[in-house]
Amino acid sequence: MADVKGQEMAVKTEDRSLQEQQKRRPVVVTPPVDIYELEDGVVLFADMPGVPKENLDVQIDKNVLTIKGEIGDIVPKDITPLYVEFNGKAYERAFTLGPDVDVSKIEASMNAGVLKIFLPKSEEVKPKKIEVKVE
Amino acid sequence: MFRPWFSLSDPIWQDFDRLNTEMEKIFNENYFTPAGTVATRVPIPAVNIGETSDQILIYLFAPGLDPKNIDLTIEKNMLTISAGRDTSKELGEDAKVTGYYRKERFSGRFRRVIALPEGLDTSSVEAKYKNGILNISIKKKEEEKTKKIEVKVD
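Protein chains in written order, with this note's numbering: chain Y, 89 to 223; chain X, 7 to 160.
Okay, chain Y solo, but in the shape it has when bound:
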């Protein structure tokens, strides 16, 4: 009898850890973005509500810009959901950059759930004014 009970317990704990794993598995959402071209670079805004600065991950690999962010703990543990429209737990999106971006000077900031990234154009492709001298 004791053995059977032990087995049952084992099954139950296994079930539970599986459920917990599934709960923990982040639901990844593609954040909406605005991308503007400026004279001296490109600006990207991404809506990532719930992501604190420390959970943000902006990476550049070769010419691919990847933005990732995990939503922090916002709900108390003993909450029972009543109505859910948004079930995302993390955001992720990748962009291919053109060859004229100066990768070493990229700036990123986060404010009220909005990620802003400035991708400056490299010096060679910036529009330059050439003065015409009249003699």
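I should point out that these hints are in silico values taken from the structure, not numbers from a laboratory. Bear in mind the structure is a predicted one, so any value in this text is a computation, not a measurement. C-beta atoms are modelled at their ideal positions from N, C-alpha and C, and glycine is treated no differently. What you were told as hints is all true, and nothing was included just to trick you.
Straight-line Cα separation of at most 27 Å, DSS-like style, residue types lysine-lysine; simulated pairs:
1. X:K95 <-> Y:K141
2. Y:K209 <-> X:K109
3. Y:K156 <-> X:K136
4. X:K74 <-> Y:K141
5. X:K145 <-> Y:K165
6. Y:K204 <-> X:K109
7. X:K74 <-> X:K145
8. Y:K156 <-> X:K95
9. X:K95 <-> X:K109
10. Y:K209 <-> X:K102
11. X:K82 <-> X:K147
12. Y:K165 <-> X:K151
13. X:K109 <-> Y:K150
To give an idea of the chain Y side of the interface with chain X (calculated C-beta under 7 Å), a few residues:
14. V121
15. I123
16. L126
17. P137
18. D166
19. T168
20. P169
21. Y171
22. F174
23. G201
24. V202
Dock chain X against chain Y, hints included.
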């Protein structure tokens, strides 16, 4: 003379084939972005509601707002949240915009009305705006809180 009713070498099929490759070319090269790069559309802004033993919690996913411009009212049991943002002003006036690649984010004003359940103490509403999420918590009335009832044995 015997001739099959359907032949792939028939010129009409070749035309279809050519059309197909042309379409693929257009869609792949200029028109469609690769799968997975189109933003997930949610009703803007999304609302989640949950409860604990002593309060109701409402989460509104509305990034980029100025907390001063968020308008919250409760009338009877209807909670109204109205606010807005203008994404065209985010760049500042001196930015020299020469064009854009994507405009997917919400811009403008919105209003959401939420019917609250009975038995809430609407005088104890708390609202916090953090990382783009508006969190509203409303306490339940004392008599609505979950209580344990002991069963007596006679």
